[in-house]
Amino acid sequence: MILDLSLLYVYRILALIVAGMMIWAVVRRTDWREQVFALIVFVPFMLRALGVK
Amino acid sequence: MVWEYLKEPRKRGGLLLAMGLIIATAAGVGFRRMHQPEPIVAGPGVTTERMLSHYVSSLAGTPADTPVFILEGKQPGATMLILGGVHPQEVAGLMAAVLMVENAEVQQGRLIVIPQSNRSGFTYTEPLEGFPHEFTIDTPHGPRWFRVGMRLTNPVHQWPDPDLYIHPQTGEPMVGWEARNLNRAFPGDANGRYTHRLNAAIIELIREENVDMVFDMHEAYPEYPVINMLVAHENAFEVATIATWGLEARGIAMDLQPSPKLLRGLSHREVGDHTTALAVLGETANAAMGRFRGRTSSELVVGGRDRNYERAAGLGRLFVPFTEEGHPLISRAARHLATIEELINGFNEINPERQIIVSNVPEYEQLLQEGFGPFLRAVPQG
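Chains S and A supply the protein sequences, listed in that same order. Sequence positions in the first sequence follow my numbering and run 1 to 53. Sequence positions in the second sequence follow my numbering and run 54 to 435.
Be aware that a few hints might be false.
Claimed, not checked - Chain S regions said to be covered by chain A (calculated; three or more residues, Cβ under 8 Å):
#1 3-15
#2 19-30
#3 37-43
Stated by the list, open to error - Selected chain A positions facing chain S (in silico; Cβ < 10 Å):
#4 L74
#5 R85
#6 V209
Unchecked claim - With a Cα cut of at most 20 Å, we get these calculated EDC-like pairs of lysine to aspartate or glutamate:
#7 A/K64 <-> A/E91
#8 A/K314 <-> A/D326
#9 A/K64 <-> S/D31
#10 A/K64 <-> S/E34
#11 A/K127 <-> A/E291
#12 A/K314 <-> A/E225
#13 A/K60 <-> S/D31
#14 A/K127 <-> A/E158
#15 A/K127 <-> A/E102
#16 A/K127 <-> A/E406
#17 A/K60 <-> S/E34
#18 A/K314 <-> A/E287
Just so you know, the hints here were simulated from the structure itself, not pulled from any lab data. Keep in mind that this is a model prediction, so the values were computed, not measured. Glycine included, each C-beta is placed from N, C-alpha and C at the ideal position.
All chains, full assembly: derive it from the sequences and hints.
Laid out in structure tokens, this is it:
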């Protein structure tokens, strides 16, 4: 159980890092396509980081 | 002017990010709403209401904990456990259990009903399948809503899946996600993972309450061979045979199959092997679960009508008849209720000295004519 929970929280932290990187990409990239793609990745990873999906 | 604004990358990024946060918030609220269980109103026959964690304390406060309704008669007799929602996508089991809780009254013996056996499975639907999250039934008191879940425990509650799931007690290998399948993990482990603790609590309930017979209500897609069928452990074959005769006499076609000895983790196998209870599982046909289905909507879940399945039946691809009337939820739940009645009749015939006598169970024909509405109670406000 402890191993499962540890893995779950590691996964959520990784998802949070990915979501953070996507925020950076949306704000800093100059190509609109890259910004939109980053946004599409941001939404599910943010939900996973929050543990609701 | 808007175009000029969007041409500036930083401003465009800010706008997109705001949009993303709005979408994530709306989706997050939707996902969280699915964790709210549907209301079930205890009828006049319910004498005790408790949580399943009463039997395995490690479930307390977890999303696995689920209500247990006990309907006890004044006269002593045998005890029957009725399981709905072991697979939360198979909603006829949930509805039959709800009808029992809200209507049945026990004169002799006891009924124990768990409508949402895997409550975690009611909190999500499978991605990319377009499943509805809930459906609504009209009643004289207003609409009542019920959740459509998925077969397995929510991965938010139990993760990760192993590559290969090995059934702990027998060593039978299965695909990894079956580690989250309540009906592949019996008899469970009180100190194990989430799903296994749930199994252990059900087994402990059976032992502690001296349950004599268990009926586990399921559904399957119409192209599945085990459908409109009872699957019985060898210890329950006599009672299940009498029940199928009773159903056939009422014009309700129901086959009977012995529980395979090498298929492990299922209630009809492990409950029979690990407790003294007679173990029977029932299956009805749910078109919303199959691969031939068309648009997956709450209308399909409730109405059970699908033109693709009519065509598949015409091509001889199904194991049940499928006409334009389909297999509505009301007929599937009514079939489970009629099976409960006939299992009780069978048990009483074999054990006349300790019977179970139940009244006010909605009749099969009555349900088909009047629908769920008259048999669902008003939900108390506040």
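Against the structure, the hints come out as follows:
no., hint, result
1, 3-15, "holds (count 4)"
2, 19-30, "holds (count 6)"
3, 37-43, "holds (count 3)"
4, L74, "holds (8 Å)"
5, R85, "holds (6 Å)"
6, V209, "holds (6 Å)"
7, A/K64 <-> A/E91, "violated (44 Å)"
8, A/K314 <-> A/D326, "holds (10 Å)"
9, A/K64 <-> S/D31, "holds (12 Å)"
10, A/K64 <-> S/E34, "holds (15 Å)"
11, A/K127 <-> A/E291, "violated (28 Å)"
12, A/K314 <-> A/E225, "holds (12 Å)"
13, A/K60 <-> S/D31, "holds (10 Å)"
14, A/K127 <-> A/E158, "holds (11 Å)"
15, A/K127 <-> A/E102, "holds (17 Å)"
16, A/K127 <-> A/E406, "holds (15 Å)"
17, A/K60 <-> S/E34, "holds (14 Å)"
18, A/K314 <-> A/E287, "holds (9 Å)"
In summary, the structure is inconsistent with hints 7, 11 from the numbered list given earlier, while agreeing with the others.
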